[in-house]
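2 protein chains.
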Amino acid sequence: MSRVKISIIGAGSAVFSLRLVSDLCKTRGLHGSEVTLMDIDENRLKAVQILATKFASEMKTELTFKSTTDLQEAIKGSDFVINTALVGGHAFLDRMRAIGEKHGYFRGIDSQEFNMVSDYYTLTNWNQLSYFLQIARTMEELSPDAWLLQAANPVFEGTTLIRRNSKIKMIGFCHGHYDVFEVAETLGLEREKIDWQVAGVNHGIWMNRFRYEGRDAYPILDRYIAEKGAEPFRPVSPFKIQMSPASLEMYGFYGIMPIGDTVRNSSWKYHYDQETLERWYGSPWGSPDSEPGWQWYKDQLGQITQATMGLAQAIAYYPQASLEMLVTEGAKSLSGDFTGEAMKLYDPSQMSGEQHIPFIDAIVNNNASRFVVNTLNEGTISGIDDDVAVEVTAVVDSQGIHIEDVAPRLPDRVIDWYLRPRIMRMEWALEAFMKKDPGLIVEILMRDPRTTSYEQARGVVEEIFGAW
Amino acid sequence: MSRVKISIIGAGSAVFSLRLVSDLCKTRGLHGSEVTLMDIDENRLKAVQILATKFASEMKTELTFKSTTDLQEAIKGSDFVINTALVGGHAFLDRMRAIGEKHGYFRGIDSQEFNMVSDYYTLTNWNQLSYFLQIARTMEELSPDAWLLQAANPVFEGTTLIRRNSKIKMIGFCHGHYDVFEVAETLGLEREKIDWQVAGVNHGIWMNRFRYEGRDAYPILDRYIAEKGAEPFRPVSPFKIQMSPASLEMYGFYGIMPIGDTVRNSSWKYHYDQETLERWYGSPWGSPDSEPGWQWYKDQLGQITQATMGLAQAIAYYPQASLEMLVTEGAKSLSGDFTGEAMKLYDPSQMSGEQHIPFIDAIVNNNASRFVVNTLNEGTISGIDDDVAVEVTAVVDSQGIHIEDVAPRLPDRVIDWYLRPRIMRMEWALEAFMKKDPGLIVEILMRDPRTTSYEQARGVVEEIFGAW
Ligand SMILES: NC(=O)c1ccc[n+]([C@@H]2O[C@H](COP(=O)([O-])OP(=O)(O)OC[C@H]3O[C@@H](n4cnc5c(N)ncnc54)[C@H](O)[C@@H]3O)[C@@H](O)[C@H]2O)c1
Ligand SMILES: NC(=O)c1ccc[n+]([C@@H]2O[C@H](COP(=O)([O-])OP(=O)(O)OC[C@H]3O[C@@H](n4cnc5c(N)ncnc54)[C@H](O)[C@@H]3O)[C@@H](O)[C@H]2O)c1
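Quick note, the sequences are listed as chains R and F, same order. full-length UniProt numbering numbers the first residue of the first sequence as 1 and each following residue consecutively. full-length UniProt numbering numbers the first residue of the second sequence as 1 and each following residue consecutively.
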């Protein structure tokens, strides 16, 4: 049993924090660890502190929790720092989107080709990127041997940025790759029997390997598409789009399946307007990144935040109440996805699916396991610069991260028509941020299908950044 | 004196052919050579044969001329093959442009970011690209040791395509880099005293070195811009845009001067419509690639073709007439640029500026000289793939082509924001051509600022290529 010190930055994100705490409770090898919850929002922080403590005690595990609003205090002496903060919050994202729409940029200027995810801002949220660097710098000083585990978006830009500018150990995580199993299940394949691999960049990953019982499983997918591909697509939530027409068409064009958020991160072809979105991602939402789709998501987040605050208050008043009972009953009013998530928290046989705690367990206790990680390319995917963060599979143990060979290699179609253009935009966005040059954002917008004049692009950028 | 066999494919392009013939006449070391004129247009061919023969005899040089409409016959046994053919002619380009405009693509779908030159079609003129390969294949068979000198556009795509797919010796030429001297002259600098270098890709070259009397000359340009930059720009022809506001603004953004056709090959920022074009490239034309600018150019070409046909007829009837007198008198009705060109033909102290004949002289007679050549990168410009054709300076002698080091290196701004996006489009266009896949052209148009729906892009491509 190893006692480590884990800090969670942006711990007020209650769902995320409780999932990590739940995972920790189920990971024997990390019992006795100390968790520092850090957030700038004291109310949220207090609530998470109460809930986490209660949760751990109900799960009969020895974990200690501290809270702080001070970044330095949180980081000092940590072994692992998990960053899940969203600087400016959803309110900032909404404000930027509204300014963009006012100037004729449907869904805001941060929505770009292959980068449509609505809380993945690469152009306007410089504060978020600055915070990434601030955390890295603080770690260099106060916990130079610690690992930074990045959950906050944009993971692609963030991992590239931090790794290029800091010597700390750092890795980015996302859970989008689990949609590999959504593909398998749709085809009636057993999860355990598929041999899969994904590769690409965060939110731009592709299932380069898909085998079942020793044989290529893509023909099974092809048969499914031939038989069912034309049937109307009816998603049960805006996020259930792994098998949407957009996804299947991308498969047709690129030759292998886009996985997870990659399906959202498509071209304007599927995103021009609400009608187009619904055609490709199903009605009524038309993807999570449509107006109704994103509203749905924010409503759920809002309900969860309210519910957690309420729960924390209840526990504060009645410390002997059963949190388990309150959570599992309370979650029933949420949508299917979220109810399932809440149930999982208490199910000892299930981890949350977040990779952070198993990663820590692998590093600390040599409990080797397979992950999908974001780390510098350094030759893993050929045709991509070495110093660009890629998302690939790796086995992790106490020796470190062992990246798997990408086999079979990604098709040229994916490299030339998807990854390279996406990487180019990452480079542009990072340069604009590093130089703090809004003029570069204008230049990016000159290449945007929504721009019809220089004045339009200049106008939106001036309203966001002020004159320069 | 070396007698070599030179074939000119597309020799009906009278101006170009006469310039080569004139250069040949002025190059002692190549006297006695045999020139095979090849074209599919018999009338043009006949006219050029008459004029070339007459010209050489007036210049008192021993050159023999043959004509053929057969590619194999032209290539067989050649030492040098110069390709200047435009398959489909300007009529084809106009037709494609008209279809594009009908579907809402101002100036046609081949006009793309950093690729606005109106006879530089990379998407729709597959016949032109096929012909490039056909010439290379024919040479492999019938003159495997010969050099192919490529003048026909697109030189960038063409050089890359041929070099990737054939083992013949091949090089691409363009004369756009002479605008380096336009910069120098505007600043009152003596041509001979400037130390310059350009690098990039064809029609995307940048003056990485600009020194005068041993000192950096960019500060002189900066002073000029500070003093005169705001004065109204009045071009004397649509092509005189090296010092246009567009060019100076590009200099501001990229850090070094774009040279020659690079100034035309800019972003949509300068190309949205006629008004925008005139603002950046001057009235009344607004660049050679506006509707009036290109009309001006085609009118000139038409007049020249007519004039040459007339001249040839005159010489056929009155073989003893003086061609020199007819040419120099006749050219006076043309615009300034073209009059100067015609005068040059007979001026023994001036070469045409086309690099083909001096290149042959360098290779054959070890008459070493400096050129701007298009050849595979192979490490010359870092940050660009090895198998991409770059346009760089080289000294050529009988040992071959000695590429100069690019010093100072190109700024990252040029690589990341101009060359890489341009190269990406080249790759896309070549893949569409190689696979004969119009669907890829649709995909390219999905990234085009003029596209507002998938149906629009699909519609224009179907009208051009038929259904697929
Ligand atoms: N990698 C993944 O798998 C994944 C999945 C979902 C969301 N995300 C990302 O996680 C982040 C959080 O999303 P969310 O919806 O929970 O947002 P949220 O706004 O609900 O929560 C983020 C928390 O960060 C806190 N915060 C803001 N500024 C801070 C600062 N300077 N220091 C510390 N804390 C600060 C906020 O108070 C809030 O509690 C986003 O970047 C989102 O894109 C990642
Ligand atoms: N590299 C440079 O510096 C430079 C400069 C100007 C023009 N160009 C290019 O040169 C080419 C010619 O331009 P132009 O304005 O003279 O065109 P043009 O149409 O006037 O002349 C081209 C000639 O090619 C001939 N031709 C067409 N199909 C042929 C075939 N299959 N075989 C042989 N000949 C054929 C035509 O009959 C015509 O005589 C274009 O590609 C243009 O873009 C290059």
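Calculated from the structure, these hints are not laboratory results. All figures in this text were calculated on a predicted structure; none of them were measured in a lab. Where is the CB? At the ideal position from N, CA and C, for every residue including glycine. Misleading hints may appear alongside valid ones.
[Said to hold, decoys possible] Derived Cβ-Cβ restraints for the label pairs, each shown as a range: (1) Glu463(F) x Gln303(R): 47 to 55 Å; (2) Asn165(F) x Arg223(R): 47 to 55 Å; (3) Gln295(F) x Gly459(R): 54 to 62 Å; (4) Gly400(R) x Glu462(F): 35 to 43 Å; (5) Asn165(R) x Asn165(F): 39 to 47 Å; (6) Pro408(R) x Glu462(F): 52 to 60 Å; (7) Pro408(R) x Val236(F): 56 to 64 Å; (8) Pro284(F) x Pro408(R): 42 to 50 Å; (9) Ser283(F) x Glu231(R): 25 to 33 Å; (10) Glu141(R) x Ser283(F): 56 to 64 Å; (11) Glu275(F) x Arg370(R): 41 to 49 Å; (12) Asp145(F) x Asp387(R): 54 to 62 Å.
[As the list claims (entries may be wrong)] Pulled from the structure, derived: some chain F residues nowhere near chain R, Cβ distances all over 10 Å: (13) Ile315; (14) Pro421; (15) Thr452.
Against the structure, the hints come out as follows:
1. Glu463(F) x Gln303(R): 47 to 55 Å: holds (51 Å)
2. Asn165(F) x Arg223(R): 47 to 55 Å: violated (37 Å)
3. Gln295(F) x Gly459(R): 54 to 62 Å: Check failed, 33 Å falls outside 54 to 62 Å.
4. Gly400(R) x Glu462(F): 35 to 43 Å: Violated - the Cβ-Cβ distance for Gly400(R) and Glu462(F), about 53 Å, lies outside 35 to 43 Å.
5. Asn165(R) x Asn165(F): 39 to 47 Å: Given about 42 Å between the Cβ atoms, the range holds.
6. Pro408(R) x Glu462(F): 52 to 60 Å: violated (34 Å)
7. Pro408(R) x Val236(F): 56 to 64 Å: holds (59 Å)
8. Pro284(F) x Pro408(R): 42 to 50 Å: Violated, since Pro284(F) and Pro408(R) (Cβ atoms, about 57 Å apart) do not stay within the stated range.
9. Ser283(F) x Glu231(R): 25 to 33 Å: For Glu231(R) against Ser283(F), whose Cβ atoms are near 58 Å apart, the range 25 to 33 Å is violated.
10. Glu141(R) x Ser283(F): 56 to 64 Å: holds (60 Å)
11. Glu275(F) x Arg370(R): 41 to 49 Å: At roughly 59 Å between Cβ atoms, Arg370(R) and Glu275(F) fall outside 41 to 49 Å, so the hint is violated.
12. Asp145(F) x Asp387(R): 54 to 62 Å: violated (43 Å)
13. Ile315: holds (52 Å)
14. Pro421: Pro421(F) not clear of chain R: closest Cβ-Cβ about 7 Å, inside 10 Å.
15. Thr452: About 7 Å separates Thr452(F) from the closest Cβ of chain R, which leaves it inside 10 Å; violated.
This entry does not satisfy hints 2, 3, 4, 6, 8, 9, 11, 12, 14 and 15, going by the numbered hints stated previously.
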